[in-house]
Amino acid sequence: MREFHPLIKRWLDGELSADQLGAELAAELAEARALLAAVDRSPVAFDPKLDQRVMAAVRNRPATRWGRAVRWIGEAHELRLRVRPWAVAALAAAATLVLMFAPARQSRAPVAVAQAPESVYVKFMLYAPGAHQVSVAGTFNGWDAHATPLAPAGASGVWAATLSLPAGQHLYSFVVDGRRWVADPTAPGVDDGFGRRNSILAVTPRGARVS
Amino acid sequence: MDRLGARAAASDGDVVRAVLAGDAERYAELVSRYRDRYARYAARMLGSPDAAEDAVQDAFIRAYDQLAQCRDPENFAGWFFLILRNRCFAERRRSKREAVADVSQDDLPGPGRADRDAEQSETQELLARGVSELTAEQREVFVLKHVEGKSYEEIAKVTGATVASLKMRMHRAYDRLRNYLKERT
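For the protein sequence lines, the chains are A and B, in the order given.
For the first sequence, the numbering used here assigns the number 1 to the initial residue and increments by one for each residue that follows.
For the second sequence, the numbering used here assigns the number 1 to the initial residue and increments by one for each residue that follows.
Derived from the structure by calculation, the hints contain no laboratory data.
Cβ coordinates follow ideal geometry from the N, Cα and C atoms, glycine included.
You may find that some hints are simply not true.
Just some of the chain A residues that point at chain B, by a computed CB distance under 7 Å [as the list claims (entries may be wrong)]:
id : residue
1  : Glu3
2  : Leu7
3  : Ala38
4  : Tyr121
Beta-carbon label-pair distances, calculated as ranges [unchecked claim]:
id : chain 1 : residue 1 : chain 2 : residue 2 : range
5  : B       : Arg33     : A       : Met1      : 41 to 47 Å
6  : B       : Val158    : A       : Met1      : 16 to 22 Å
7  : A       : Ala27     : B       : Leu126    : 15 to 21 Å
8  : B       : Glu154    : A       : Arg59     : 32 to 38 Å
9  : B       : Asn86     : A       : Leu7      : 33 to 39 Å
10 : B       : Arg17     : A       : Glu3      : 49 to 55 Å
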């Protein structure tokens, strides 16, 4: 970048007169003069109705701060939320729990329904927006990360799969995009011995529970 | 003195206190008094008279909403300037996020342009584009000093920056503008 000589900058600032500058700065001075000559100082005129518009807005505003606060609450406002997908997964896990507990109350959505005396349908759900692939792996499928894929529920970000599981205790974990193992954050878990935690699910003929 | 005369002579502090006491209509006096004072500043900061008009209108409405927070009603003008300034900076940030500002010739302020020498007008428009590419801080100090004709001390007073930092911004602005003009002429 070509910089003005410090003395030229002081001339531009109005601190020096042109005759205080040496002849060697004449060319730069001409540039500086051209720059200042090009500054547009012409006035800017606003629409005469600006005053009316302001006053119309002012008249519509509640007189007190409390009144304005009440009005603000009633108005639509843009809210920007930054969502961290893996933190939000907890919400989906909570939804999973609700669904799994539902059969125990019998009258509500029977997500886990007795299929045979010793097996129950269990619906696994995970909220994973942005994921390309989600599956569940556990003791019931030999920890195969590809055996039990979950299906996306439209564009909601929720992935779900219903499995028939035998009564007993099962360990499981979700697998996102084939490589990220995600424990159910609201379910009890146990250390798998490799630095991860697996979630625990108990299946009885009456339904499924995390335990 | 009649009522109109009394109003014409009322200080900013008197008007602010009247508005706060419930006479909202008197706010029109402040709008009328200051609507044009900062028009040029806002237009040069935002690169367009239309954007400036929106900003000034919005600033007046915000000022009304926050009038009780004006600690020195006699200096309503200075307090209003800070609101307008914040609005201009916010608008700059917003438009920067959405797109690089395209300051078209139609947007550039300049009543009476047709009467000017064509070459001078071209240089003026070129400089306006160069000014629009400065940082908001550099642009502000350039506008306040060379468009509004304020001294560094006056600018420091209204912006809260030190004279030294204002000079630093300005001197960088000079260099950037010099290069901008050099590259395009």
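Consistency of the hints with the structure:
| no. | hint | in the structure |
| --- | --- | --- |
| 1 | Glu3 | holds, 5 Å |
| 2 | Leu7 | violated, 12 Å |
| 3 | Ala38 | holds, 4 Å |
| 4 | Tyr121 | violated, 49 Å |
| 5 | B:Arg33 / A:Met1: 41 to 47 Å | holds, 43 Å |
| 6 | B:Val158 / A:Met1: 16 to 22 Å | violated, 29 Å |
| 7 | A:Ala27 / B:Leu126: 15 to 21 Å | holds, 19 Å |
| 8 | B:Glu154 / A:Arg59: 32 to 38 Å | holds, 35 Å |
| 9 | B:Asn86 / A:Leu7: 33 to 39 Å | holds, 36 Å |
| 10 | B:Arg17 / A:Glu3: 49 to 55 Å | holds, 51 Å |
Violated hints for the displayed structure, listed by number in ascending order: 2, 4, 6.
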